[in-house]
Amino acid sequence: MSLFRHIRSLNALQILRPGRRHLSTASLQYDQDPQPLFTDAETQSLLQSMTQLQLDKVFRKRTVPDNSTEMKFMTPDQLEKEFVQAIEKARHLLQMPPIVKVKVDTERLISKDAALKDFASTKYVFTDITYGLPQSERKVVVRESDGTLAYANLETVKRMNQLYFPLEGRKSYIPRMFTDEELLKSALDTHKYEFILDRATVQYEPYEPEFHNILSRVFEHLNESKQFDLLRSTRHFGPMAFFYAWHRCIDDLLYDMIRRDYLHNAAELIALSYKIHKIPLDYRSTLEQISALRSTPAEKALEDLRNSIQAPEERQRVGGIEQEIHLAIGKTENDFASDEICLKFIEQYIASEHALKKVQLELAIQTLKEVNLEKLQLFKGLKKAHGVNVN
Amino acid sequence: MLPMARSILNGLVQITRSSRGAAFHTSSLMGCKAADTESNNTGDNADTDADATESSTQSSVPDVNDRTKVIPVESSIRYLKSAAYKQTYGDGFVWSQYRRNHKGMYAPRKTRKTCIRQGKISTGNPCPICRDEYLVLDHRNTELIDQFISPHSGEVLSYSKTGLCQKSHLRLLVAVQRARDYGLLTYDVPFREYDYSEYYGQPKQKQQKS
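Each protein sequence line maps, in turn, to chains A and B.
Residue numbers for the first sequence follow full-length UniProt numbering, so the first one is 1 and each next one is one higher.
Residue numbers for the second sequence follow full-length UniProt numbering, so the first one is 1 and each next one is one higher.
It should be emphasised that the hints constitute simulated quantities derived from the structure, not laboratory data.
For glycine and all other residues, C-beta sits at the position ideal for the given N, C-alpha and C.
Some clues are possibly wrong.
What the hints assert, rightly or not - For each label pair, taking beta carbons as the anchor points, the in silico distance ranges come out as: (1) Val371/A to Tyr196/B: 39 to 45 angstroms; (2) Gln97/B to Asp128/A: 54 to 60 angstroms; (3) Pro190/B to Ala86/A: 18 to 24 angstroms; (4) Tyr196/B to Leu376/A: 41 to 47 angstroms; (5) Phe191/B to Thr106/A: 31 to 37 angstroms; (6) Ser68/A to Ser96/B: 20 to 26 angstroms; (7) Phe191/B to Asp146/A: 40 to 46 angstroms; (8) Asp304/A to Lys69/B: 35 to 41 angstroms; (9) Phe191/B to Glu370/A: 39 to 45 angstroms; (10) Tyr131/A to Phe191/B: 21 to 27 angstroms; (11) Tyr194/B to Leu55/A: 19 to 25 angstroms.
Using the sequences provided together with the hints, build the complete structure.
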């Protein structure tokens, strides 16, 4: 009998092991608890602003069994309400997965009843399946066959939770993609970043070491392939920016942001890294100036929505020629002003010892400056030609 | 010397290619005339004995209905990218040109159980997968599997639409499941909503207090 049990336990070990053995660990891991810095209100607002809100990307057509659309006639008031709701929904869809430290499994013994030894040949798992309890508070205890009663380990708790309250999309076994090094590598090489991250969020809990490992692997690979735009306006962009800022490798992301003319995002990223590493440079005043000049992503998206339903004639009647010019150039006066502040801030960063890829960044800044100058001249010329006063 | 050799090689390659393409055609179109094609083959062999390459390729494919030879997935993947495939199916799907044979107005609810019995095609109108032996259903063959997945709902298309026999359809389902498990085939993962208080409830309260 005991021989059987021994063989069974050996088998169980063999089943458990291969997954962890094959997947190599990422080189960059959070060394401290990142949670307090991540949940900080300022950090969150910075990350949200960096993520942006592109409605086309958030509400892209998903291939789910039911993706029917509904058509309605609405009054302008109803439409306005619907717009606000849509933005709210989009913000909900961009909810960032929490970044918490790895939870360490601790053994918590309740009692040891030697009298119950060999009462049964298997373990008994007791789960509290009260309706409406949050997962973390659900009590799961295990009666071992040698009579000890103890709280179950994290893995058992997760399995019991999945058994009684299944999470949609989570598999009871770990997908091969996450256990086989080759498969994960091929998925990374084909730039399926969002898919991997989405799947990892569903499959793992945020405090699991595997989750941290996979996230690090993806972000490291992304930093080399530089396809940051794939994650922009998804829920994973914030954690990614936070990861780079934490590990002092923001330069590639910064370069990408400058090249795509997201200067305010670049400034926010630098501010975030200053904040995380407690670099004694004043970034708050710059951020305040920028936020005064710029609207938040949600406000901007709402504005775009409102503009999108206006007919061209109506738009001209409401906003006048000035708005037409703004649309043609893609920037307003405030944008130009905020760009100037951002540029100053970014140049200060490049000149400091914190920047690693100085030459590349400087070149990018230089080209952007030239493009911006041309745009500004065109902007002023257009305004003058149409008789709109330029400040 | 070198250009001559190259031109000869090119000619040979072309001959083999065209004969392979023809073989695909016969396998897909003339499945019903098993006896006829067999007699034709022997006749051809007798006629074109002089043409060495032609006869050798034909003798290697003695029976178009024979499906005992196992085709590796790699060659199937290569086939899907080849000119022969393009010539056979064009830009459409593998199943889009297929029509089921049935009496009366309405097709039976289910397709046939299998097209291949005892290593041979046992029907005159084999299903889109069975009629072409170079279409191998496997999780690595994502290009083929993709053709059977709805771009709108992300589900595997029904056999009533694709006309696959039940055996092939089961194989397809397995291949799709595996490809998704292996991460070779992407799909839209359900959105997971996080309750933040579950992960960092305590510190937030502290922050609010302070």
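Inset, instruction - Quick one: which hint numbers does this structure break? Sort them smallest to largest. - result: 8
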